[in-house]
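K.L.:
Take a look at the letters that make up each chain.
2 protein chains.
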Amino acid sequence: VRIAIDAMGGDHAPAVNVDAAVAAHREFGISSLLVGRERELAPMLAEAGYRGSEIEIVDAAEVITMDDPATAAIRKKRNSSIRVAANCVRDGRAEGLVSAGHTGAGMVCAKMVIGAIEGVDRPALATVLPNLTGHCLLLDVGANPDAKTAQFKEFAVMGSIYAELAFGKKRPSIGLMSIGEEDSKGTDETKEAFKILEATGLNFIGNVEGRDVFNGTVDVIVTDGFTGNVILKVSEALAEMVENLLREEIKRTLQASVGFLLSRSAFRRF
Amino acid sequence: VRIAIDAMGGDHAPAVNVDAAVAAHREFGISSLLVGRERELAPMLAEAGYRGSEIEIVDAAEVITMDDPATAAIRKKRNSSIRVAANCVRDGRAEGLVSAGHTGAGMVCAKMVIGAIEGVDRPALATVLPNLTGHCLLLDVGANPDAKTAQFKEFAVMGSIYAELAFGKKRPSIGLMSIGEEDSKGTDETKEAFKILEATGLNFIGNVEGRDVFNGTVDVIVTDGFTGNVILKVSEALAEMVENLLREEIKRTLQASVGFLLSRSAFRRF
Numbered sequence: 080v081r082i083a084i085d086a087m088g089g090d091h092a093p094a095v096n097v098d099a100a101v102a103a104h105r106e107f108g109i110s111s112l113l114v115g116r117e118r119e120l121a122p123m124l125a126e127a128g129y130r131g132s133e134i135e136i137v138d139a140a141e142v143i144t145m146d147d148p149a150t151a152a153i154r155k156k157r158n159s160s161i162r163v164a165a166n167c168v169r170d171g172r173a174e175g176l177v178s179a180g181h182t183g184a185g186m187v188c189a190k191m192v193i194g195a196i197e198g199v200d201r202p203a204l205a206t207v208l209p210n211l212t213g214h215c216l217l218l219d220v221g222a223n224p225d226a227k228t229a230q231f232k233e234f235a236v237m238g239s240i241y242a243e244l245a246f247g248k249k250r251p252s253i254g255l256m257s258i259g260e261e262d263s264k265g266t267d268e269t270k271e272a273f274k275i276l277e278a279t280g281l282n283f284i285g286n287v288e289g290r291d292v293f294n295g296t297v298d299v300i301v302t303d304g305f306t307g308n309v310i311l312k313v314s315e316a317l318a319e320m321v322e323n324l325l326r327e328e329i330k331r332t333l334q335a336s337v338g339f340l341l342s343r344s345a346f347r348r349f
Numbered sequence: 080v081r082i083a084i085d086a087m088g089g090d091h092a093p094a095v096n097v098d099a100a101v102a103a104h105r106e107f108g109i110s111s112l113l114v115g116r117e118r119e120l121a122p123m124l125a126e127a128g129y130r131g132s133e134i135e136i137v138d139a140a141e142v143i144t145m146d147d148p149a150t151a152a153i154r155k156k157r158n159s160s161i162r163v164a165a166n167c168v169r170d171g172r173a174e175g176l177v178s179a180g181h182t183g184a185g186m187v188c189a190k191m192v193i194g195a196i197e198g199v200d201r202p203a204l205a206t207v208l209p210n211l212t213g214h215c216l217l218l219d220v221g222a223n224p225d226a227k228t229a230q231f232k233e234f235a236v237m238g239s240i241y242a243e244l245a246f247g248k249k250r251p252s253i254g255l256m257s258i259g260e261e262d263s264k265g266t267d268e269t270k271e272a273f274k275i276l277e278a279t280g281l282n283f284i285g286n287v288e289g290r291d292v293f294n295g296t297v298d299v300i301v302t303d304g305f306t307g308n309v310i311l312k313v314s315e316a317l318a319e320m321v322e323n324l325l326r327e328e329i330k331r332t333l334q335a336s337v338g339f340l341l342s343r344s345a346f347r348r349f
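Heads up: the sequence lines are chains A and B, in that order.
The first sequence begins at 80 in our numbering and counts up by one.
The second sequence begins at 80 in our numbering and counts up by one.
Rather than coming from a laboratory, the hints here were simulated on the basis of the structure.
Just so it is clear, CB atoms sit at the ideal spot from N, CA and C, and this is done for glycine as well.
Please note that a few of the clues may not be correct.
As the list claims (entries may be wrong) - Which residues of chain B face chain A? A partial, calculated answer using Cβ under 8 angstroms:
| # | residue |
| --- | --- |
| 1 | Glu141 |
| 2 | Asp225 |
| 3 | Leu311 |
| 4 | Ser314 |
For reference, chain A alone in the conformation it holds in the complex:
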């Protein structure tokens, strides 16, 4: 496969994107198009020690910044790295697109330049969360805050295919985020979505709850982009807080055991 990489997108771009392209080629044999400012990228690629022809630079003069509106890549910066990368996929020069840049601009390019697969109304944002037994794919996490119930079916189908390919699971289990296991629990929208998902023929296991994101009971969780985004941000902040609190505890525990060690040494002296 050949991947178009938005080389100018994300923190520490473009350096980390160039290094990643070289590493992906070395470790997995992946070809790529590094899309961005050629005169910045060429010396970096040379410096990274890559000399072959399977990583190509595609020049794109403009960059979408975090202050740009999501539609900038369509309306104003048509020469931006994300837009030119999307053009490469549209024109068959690459099979996929990777960007760590402006999420909204990426979504707009996916929808307007590359276009959706037949049967899919709008793209979804998905995230893979670690849990006790492996991973859980959560979608949508922000592209569709006002998702209509019909979209839940699309999320489920896309999520099922993703989990099959990325996690290597046959018939991945699909759960609907709700606030109780019974199909009578939830909002009017989730109750309607429950019926739609039941009829898909996918491996739909019914409603799941917040705790199921992390306990390994389900491979794919389907929700609207508002709830998914809140779950993602709550999780990030809480994991950080608990980790910091417990690292402090580890430090204190270690200091205490070093203190114990020192007192034993001191004791031995007398």
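The hints should help you fit chain B onto chain A, whose structure is shown.
P.N.:
Only chain B this time, still in chain A's reference frame:
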């Protein structure tokens, strides 16, 4: 104040509820009515060493179990401890009601027996979450999954008063759970709720995000019962997972330093 306690509600009931009533009286001078099966409660209260008249037992023969529907206290078990405790508040024998039992039955009694304060459409479920600087009150967390935007105003007013009294904060800050700080972010419902909250005269600081539940930026977060319930359950599960993972790490670290201690001891022998 005198509090009606649903003595039969919750895990390890009634024993822990009796002990709690005695402790609350000893430490804070709080009077209470222990509502439940008198022949179970009387010996426990005696055993707990309480001999005064400020903790009274009010007999109630029935108990709502977790398998009962939320409406059981109204329709079938009118002699249940939660229902009789609610009667005590309605009749002026107690100023407040505490129950660790069936949440739905508690909500129904609050609404149907005690009744809502004028101006409040439906009761809300609120939870106090610990964060980096103290506490954050989150409501609603499940009583109103399909909350109408007008209810957000009620949640904000009730939450503000709670934070003022319970946290001792003057003009507590109120945030609206959304997926971006700008007032243009969120669902159609949250955008409407934003305008309603802006007009309340409360200390409304605008939209907050998932991360703000735990970073100490806001005293009260207002959301619908679906989103709030998901936040609560995600948080519980994630905190448990991170804690378990890091406790394992602490254990390994400790074992490593004990190993180091032993090797030093062994070394000293020779």
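K.L.:
Please name the hints from earlier in the document that this structure breaks, with their numbers sorted from lowest to highest.
P.N.:
Checked against the structure, the only hint that fails is number 1, while the rest are satisfied.
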